[in-house]
Amino acid sequence: MIYLDHAAATPVGSRVLEAMEPYFLRDFFNPSAAYLPAKKVAADYEKAKGSIAHAIGAKTSDIIITAGATEANNLAFTSLALDGSCLYLTIEHDSVRKIAEQHNGQGIKVLSNGVIDLDDLKTKITDSTELISVALVNNEIGVIQPLAEIAAIIREIKIDRLKRGIKKQLLLHSDASQALNLLDINVARLGTDLLTLNAAKVYGPKGVGALYVSHDARLKPLTYGGGQENGLRSGTENVPSVIGFAKAVELAKEHLNGNRKKYASWRKILLSELQGYELINKKHVLDNFVVLCYNGLDAERLIYLLEDREVYVSTGAACAASKGQKSHVLKAIGLSDEQIAGSLRLTFGEANNEEQIHEAAQIINEVVTNEKRRLGR
Amino acid sequence: MKVFVGMSGGVDSSVSAALLVEQGYDVTGVYMKNWSKDLPGMKCPWAEDLADAKRVAVKLGIPFEVWDFEEAYREKVVEYMLTEFKKGNTPNPDVMCNQEIKFKLFYEKAMERGADFIATGHYARVSLDEPCLMRAVDENKDQTYFLYRISDEALAHTIFPIGEMLKPDVKKLAEEKGLHNAYKKESMGVCFVGEVGMKDFLKEYIDVKPGEIREVETEKILGYHEGAIFYTIGQRHGLYISGNKGEINDGMPYYVVKKDLPKNIVYVSKNLNHEAIWTKELKLKDVFLRTGPTVAFLQSSSSSMSGTQVTSPVHETEMLVRLRHRAPLIPVKFDGETLYFEHEIKRPASGQSAVLYDGEVCLGGGIIA
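Chains as they are written, first to last, in this note's numbering: chain A, 1 to 377; chain B, 378 to 746.
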């Protein structure tokens, strides 16, 4: 098997699994319980949260654990006042787009390379804008957004608002689910007020994520109950998953530079050995994202043909693909319907080695050639 | 020979496509997109079905297309269904879908595209010389009940590749051929009925009001219902009387015997012998007789027949009728309008179909009035 869909899911690391194991059987206690063994679990949980927080330059109390990135993204939007409006990048994941639409959010355009159109951002910010959501790394094309530049623009607008006596908040939210693997994230440096993390994309367990919340942001709970997570996310703590999440983040940090170099070289190998494609994501991209277009071919057919050869790739976001939707991301960067239909996303990671990358290139070339032959080309 | 095969993602149509490829036809797989709307709390599986169908087409190395019939399906099948339910009937959307979509629009479009044949994964057979619709070899899976109204013209250009096969053999073949969906659960034809259930679907589209359930003999109010259209005559389930499901203190069940739609009252009775439940005669409407076989049948078996007039009385001639999918075949006499049974039968819901057979040959049928 050659798994080239790390943006969809990552295998749980063996050290992560190892770290989680005791908390299923031995240290299963409810962290809120009164006896000592439970208090120990509570302490381990806080420590785990702390290491997630430190990895992004935040404090333990700034972190709200959620059941994944979708919930964290939704939680971020509770910062909006009733009369507040929001902006989001048109290429955001559905977990941002759909909640933004609920708040009559407006889309910010991207340039043809997938990077935010800062001029469009500036014209769309009004005095009622309270929240701007821009993912650090896009989940379909791996484009990295200049968050610090966006934060600088926001800072100027905030100053201007203060001068004019307008008290309205203006927050920057970023979904960093895809970024945690390869980018050194620091919330202060990025200038974000809210930041989404996802364990499942960094070799941690599925169904656990986190939202970093700065002191400027005031959130409302999505669920009510026992008041866990600063009262913002009630429910007994998912201890094993958070322990695993923390371990995964720690390992990601440790291997950041090595992995970047490795993935950059694999990307080069793929791009030089593959034939007859058009590269879609050329610049400002995370090294493990390769988006290719085979003009005139149907990428979905390629997926099934590659599946037969045990090479697993995708056309875009797994959740959008399962609904039969055309990629809104590829559309936003100006691709034609034919180009969108012919586009494949390859995302590599820890499940791969260099040999596999060579092999994958060869298999993809074969499959593409066969498919062209079937069509008489 | 060019064939367009309807592929639903299920095992039957997948194996059908595989057989056609094996037999050397120039095959194109088509997913008919008839319905894609999610209902509250229910996800319509169309996109998954489409992906399954496409995967099989790719494995077979055949072209694959999606033909969008959503508008027509809504107009011809869903609207018909809702209208009939509002009238208090229990229509069969599958019969209508075959008549209006699969063996009409799909057929016509395939022909426009230069097809020699269309094919589907139905369990049915067609003898092409007449053309003549025949029951499937797998009696347990026979789907001619849903196909009796399709046009002769379409039938003459139809292949049912698995009509000669038994379902277990179809499944086995799918596994042998590595068609991944050999383990997939049966597709229901109409996705929203399969997944959502008819009642939930109707609730979404028809403004139903709760009303009284009365005992027919005494006019006594026994309980309340969610909407009269949900009930069919002869039904015993779902009567929430005195907190019991169709049963009251003495343990005897109640049966629906009458519906007063204007007053929104459902009448029930404990009398299982109530005249509304049993009948020896059934009046049909929208009778559709399959010209070729019916003529042949009448000519060979009825002395009172003259020429090719198929609606003449054939009172003396015994044929077989099926009143529900998979229901046993019952001997019956038919005069072109009414079915006459030798023994009393439990009355099927109006709106359902009665389908006539001479042995294995489907003669046509009608909608129960």
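The reader is advised that the hints may include incorrect statements.
[Claimed, not checked] Straight-line C-alpha distance at most 25 Å; calculated BS3-like pairs for lysine-lysine: (1) A:Lys326 - B:Lys723; (2) A:Lys59 - A:Lys98; (3) B:Lys414 - A:Lys331; (4) B:Lys414 - A:Lys326; (5) A:Lys331 - A:Lys109.
FYI, nobody ran anything at the bench for these hints, they're computed from the structure.
Now for the hints, and whether the structure bears them out:
{"no.": "1", "hint": "A:Lys326 - B:Lys723", "result": "51 Å, violated"}
{"no.": "2", "hint": "A:Lys59 - A:Lys98", "result": "30 Å, violated"}
{"no.": "3", "hint": "B:Lys414 - A:Lys331", "result": "23 Å, holds"}
{"no.": "4", "hint": "B:Lys414 - A:Lys326", "result": "17 Å, holds"}
{"no.": "5", "hint": "A:Lys331 - A:Lys109", "result": "11 Å, holds"}
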